[in-house]
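Undergrad: Can you build the whole structure from these sequences, using the hints too?
Residue 493 in the working numbering sits at position 493 of the sequence shown, with consecutive numbering throughout.
Treat the hints with care, as some may be off.
Taking lysine-lysine and the PhoX-like style, the derived pairs with C-alpha atoms no more than 20 angstroms apart in a straight line are [said to hold, decoys possible]:
| no. | residue 1 | residue 2 |
| --- | --- | --- |
| 1 | 479 | 469 |
| 2 | 159 | 92 |
| 3 | 479 | 459 |
Label pairs and their computed distance ranges (CB to CB) [said to hold, decoys possible]:
| no. | residue 1 | residue 2 | range |
| --- | --- | --- | --- |
| 4 | 209 | 56 | 36 to 44 angstroms |
| 5 | 377 | 107 | 33 to 41 angstroms |
| 6 | 412 | 457 | 21 to 29 angstroms |
| 7 | 452 | 408 | 17 to 25 angstroms |
Source of the hints: derived by calculation from the structure; they are not laboratory data.
Think of the CB as a built atom: it goes at the ideal place given N, C-alpha and C, for glycine as much as any other residue.
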Amino acid sequence: MEPGEPSAALTKTRREENRPKGRSDRSSDRSGDRSGDRSGRARDWQQLSRLFEQLPPHAIEAEMSLLGSMLIDPQVVGDVILLINRGDDFYKPANGAIFDVMVELYDRNGGLDIVQLNQVLADRDCLDSVGGLGYLVELAHAVPSAANALHYARLVREKARIRCLIEAAGDILHDAYNSPEDAQEILEEAEQRIFRIAQESDRGGAEALADLLRQTMEMIEANEGKMITGVPTGFAELDNMTHGFQRGEMIILAARPSMGKTAFALNIAELTALQKCGVAVFSLEMSRQQLVQRLLSARSGVNSQKLRRSMLNADDYHRLHVACDELMDASIFIDDTPGLSLLQMRAKARRLVAQHEIQAIIIDYLQLMSSGRRAESRQVEISEISRGVKAMARELNVPVVCLSQLNRAAEQREGHRPRMSDLRESGSIEQDADVVMMLHREEYYHQGDPDWAPNHPEKVGLAELIIAKQRNGPTGVVKLTWVSEITRFKDYSGAMAPAGFAEPAPGYGGSFHPGARSGPVTGFRDGGGPEQGEVGSGAGMPPI
Numbered sequence: 001m002e003p004g005e006p007s008a009a010l011t012k013t014r015r016e017e018n019r020p021k022g023r024s025d026r027s028s029d030r031s032g033d034r035s036g037d038r039s040g041r042a043r044d045w046q047q048l049s050r051l052f053e054q055l056p057p058h059a060i061e062a063e064m065s066l067l068g069s070m071l072i073d074p075q076v077v078g079d080v081i082l083l084i085n086r087g088d089d090f091y092k093p094a095n096g097a098i099f100d101v102m103v104e105l106y107d108r109n110g111g112l113d114i115v116q117l118n119q120v121l122a123d124r125d126c127l128d129s130v131g132g133l134g135y136l137v138e139l140a141h142a143v144p145s146a147a148n149a150l151h152y153a154r155l156v157r158e159k160a161r162i163r164c165l166i167e168a169a170g171d172i173l174h175d176a177y178n179s180p181e182d183a184q185e186i187l188e189e190a191e192q193r194i195f196r197i198a199q200e201s202d203r204g205g206a207e208a209l210a211d212l213l214r215q216t217m218e219m220i221e222a223n224e225g226k227m228i229t230g231v232p233t234g235f236a237e238l239d240n241m242t243h244g245f246q247r248g249e250m251i252i253l254a255a256r257p258s259m260g261k262t263a264f265a266l267n268i269a270e271l272t273a274l275q276k277c278g279v280a281v282f283s284l285e286m287s288r289q290q291l292v293q294r295l296l297s298a299r300s301g302v303n304s305q306k307l308r309r310s311m312l313n314a315d316d317y318h319r320l321h322v323a324c325d326e327l328m329d330a331s332i333f334i335d336d337t338p339g340l341s342l343l344q345m346r347a348k349a350r351r352l353v354a355q356h357e358i359q360a361i362i363i364d365y366l367q368l369m370s371s372g373r374r375a376e377s378r379q380v381e382i383s384e385i386s387r388g389v390k391a392m393a394r395e396l397n398v399p400v401v402c403l404s405q406l407n408r409a410a411e412q413r414e415g416h417r418p419r420m421s422d423l424r425e426s427g428s429i430e431q432d433a434d435v436v437m438m439l440h441r442e443e444y445y446h447q448g449d450p451d452w453a454p455n456h457p458e459k460v461g462l463a464e465l466i467i468a469k470q471r472n473g474p475t476g477v478v479k480l481t482w483v484s485e486i487t488r489f490k491d492y493s494g495a496m497a498p499a500g501f502a503e504p505a506p507g508y509g510g511s512f513h514p515g516a517r518s519g520p521v522t523g524f525r526d527g528g529g530p531e532q533g534e535v536g537s538g539a540g541m542p543p544i
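TA: Next up, the structure:
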């Protein structure tokens, strides 16, 4: 072998290195990758375990400096408690106990000193447990002045928030390990825990009247000339009376079964969404397919029974295609999850508002919701749900239209007109609601009487929306026309659209003119519809 020539063994090794990998080689590589992934994941879990073994973030020096500042100058206590209002925010239990007593003394007589503090702690047999008089003296000498008291308070609060996040993360891990079969519930609980921490830190305080006056005047000037200051419903007389559904309000739409609650709520959703306002619909009673069929029937003018049975002609299909094109622009999101709890609905609604800029929420209906916890009675549970829905409206700053059942009392009453006291299962609903609307159709109670319609032609197809409560506006009755064949409510004849309301899209209810036939496509812009004798005749799919 010549000098410098590679040996046979080396040449063989190089050939093997350059040879294309076979199946066994690739399999070996993949096995190595998998083992590497497993070892990497194992290291991650080990690091996670070590994280929870560490001491949580804290700032003992800041805690001592804050307490010392409060002893030096009790006047800073009033500012401090706006940032920290409980001793639990302190990492060292002794500091938290001392803080609570200091706040109590300040609240009692507007001042505090080391002598009073020492005496109260001694009287409660907890002086020794917090470190004795010597520790109180140490606190008093921890800082030269109280100038930085708020800085110390912010630092203590931030560390407390981080500890709360760590605690929430630990709870989430615990739930995930112990209930791995229910991921969705764990996700919703996790979201709620994190949101509570964020909400706790974003508590609003009092605002000066001067600032509030400026904000109010700006709002008044911005709404100048507008009849609708909230979210438009698409019904002229209703918008005239309410100026639209206002943000943060809970609106109750109540009626007996088959009066048309769902139909009216869907009409509002459709007309509102076509005004470029996103709407979320939580349907606990009907499926999303059933709701979409109703939307198509109401929008196209195709008889709901024909649509349900697919007994359609060419003109019906043309109307449906046009209605589909129009509804494609409607920002409506439908969730038909049955038996939603209040916690689940708030989590879903919060996500929809954040992702799709939802401006109104419709819930169908209140009595089908659950509080998610055991209640001593159904009345107590409904009260809890009602308060939760109101809190959701305030939190998300959108109007929430909540459908509700009425009890049978109205059916025994002469004239069958409903009252707020007829709200089923809870008196707290009317207290929590900002607006209570009740739907009434006298015609419904006389469907089996052939003489009633000829003797009361003015009530055929008439629906009354009774505004029984409006916290910031008038009460009264809004007249509507009910077209049963297409499960649609329309503005009653003579109702004028309010100033500032955009021209309604085809399909908008508008004013109703008895006897006017529908146009070639939808026919609702000019108030078209079935013949007068057909309106409200009871034909078609019954309302919910």
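Undergrad: Sort out which numbered hints this structure fails and list those numbers smallest first.
TA: Every hint satisfied by this model.
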